Amino acid sequence: MSMDSVFVHKIWNEVEISKMVSGGVPFAMLSDAGGRVGSLYDVYDIDAGVDTRGRFIIDPDGVIQGYEVLTPPVGRNVLETLRQIQAFQLVRQSKGAEATPSGWRPGKPTLKPGPDLVGRVWETWKTSMAFD
Amino acid sequence: MPEEMKVGCARPTGGPVGEEQPQARPEETGGAELSAKREGGAMIKLGRKAPDFVAPAYHQGKFVSVKLSEYLGKWIVLCFYPGDFTFV
Numbered sequence: 001m002s003m004d005s006v007f008v009h010k011i012w013n014e015v016e017i018s019k020m021v022s023g024g025v026p027f028a029m030l031s032d033a034g035g036r037v038g039s040l041y042d043v044y045d046i047d048a049g050v051d052t053r054g055r056f057i058i059d060p061d062g063v064i065q066g067y068e069v070l071t072p073p074v075g076r077n078v079l080e081t082l083r084q085i086q087a088f089q090l091v092r093q094s095k096g097a098e099a100t101p102s103g104w105r106p107g108k109p110t111l112k113p114g115p116d117l118v119g120r121v122w123e124t125w126k127t128s129m130a131f132d
Numbered sequence: 001m002p003e004e005m006k007v008g009c010a011r012p013t014g015g016p017v018g019e020e021q022p023q024a025r026p027e028e029t030g031g032a033e034l035s036a037k038r039e040g041g042a043m044i045k046l047g048r049k050a051p052d053f054v055a056p057a058y059h060q061g062k063f064v065s066v067k068l069s070e071y072l073g074k075w076i077v078l079c080f081y082p083g084d085f086t087f088v
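Listed in order, the protein sequences are those of chains A and B. The first sequence stops at residue 132 when you use the working numbering, and every number in between is there. The second sequence stops at residue 88 when you use the working numbering, and every number in between is there.
Since the hints were made in silico from the structure, they are not lab data. It should be emphasised that the depicted structure is a prediction, and the values quoted were computed from it without experimental measurement. The beta carbon of each residue, even a glycine, is placed where N, CA and C say it ideally should be. Heads up, none of these hints are tricks.
Just so you have them, the derived chain A footprint on chain B, three or more residues with Cβ under 8 Å:
#	stretch
1	9-15
2	43-50
3	53-67
4	74-88
Straight-line alpha carbon distances no greater than 30 Å define the calculated DSS-like cross-link-like pairs of lysine-lysine that follow:
#	chain 1	residue 1	chain 2	residue 2
5	B	K74	A	K19
6	B	K74	A	K112
7	A	K10	B	K74
8	B	K74	B	K62
9	B	K74	A	K95
10	A	K10	B	K67
11	B	K67	A	K19
12	A	K95	B	K45
13	A	K126	A	K112
So, partial list: chain A residues that the calculated Cβ filter (under 10 Å) puts toward chain B:
#	residue
14	S39
15	V43
16	A48
17	F56
18	Y67
Extracted from the complex, chain A is given alone in its bound form:
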């Protein structure tokens, strides 16, 4: 979603994006006239007159589970967004019984928060797991 019109979205998809992504953008390219939706989500930069690079993860109940906002010159990391969604999906599936520690990716061990885990995270989670 940007403040560009749907007409500009169409032409950008045609002349540039479709040369990077086969078939062009697969999802809806939203138009935010006047930055009204960006303002609602607190990512509209009133001085620059643009929406900044905000990314929101919204769960199936419509609840915001995470967001990240960057200034214009730095792009986001798609794999990190996907990793976070996978983590939120696991937590949701376990109904909150499991949590994903720092560095978690699918397949890596989760934590089961509770009285028995207090002070004993070190036994199952190693610092190296945050970096591998």
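Starting from the known structure of chain A, arrange chain B on it as the hints suggest.
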């Protein structure tokens, strides 16, 4: 889901829908209520409902009208960016 729009000369616009729906969901956020900083009260809060909106969109050859709440039941990634033809 999104409805196709008839597009004339006027640029289609959208905007917020209804009112804020502050509904805490502490079980999945550990009770966290980290709010985006905003003068005059935060509208975006982790663990709260995402504000609903309607926006015109271009989607695979068609101009459509997208309403966020039509996607309930799915995981949604909502991305804002400064503009088409920006570089990153």
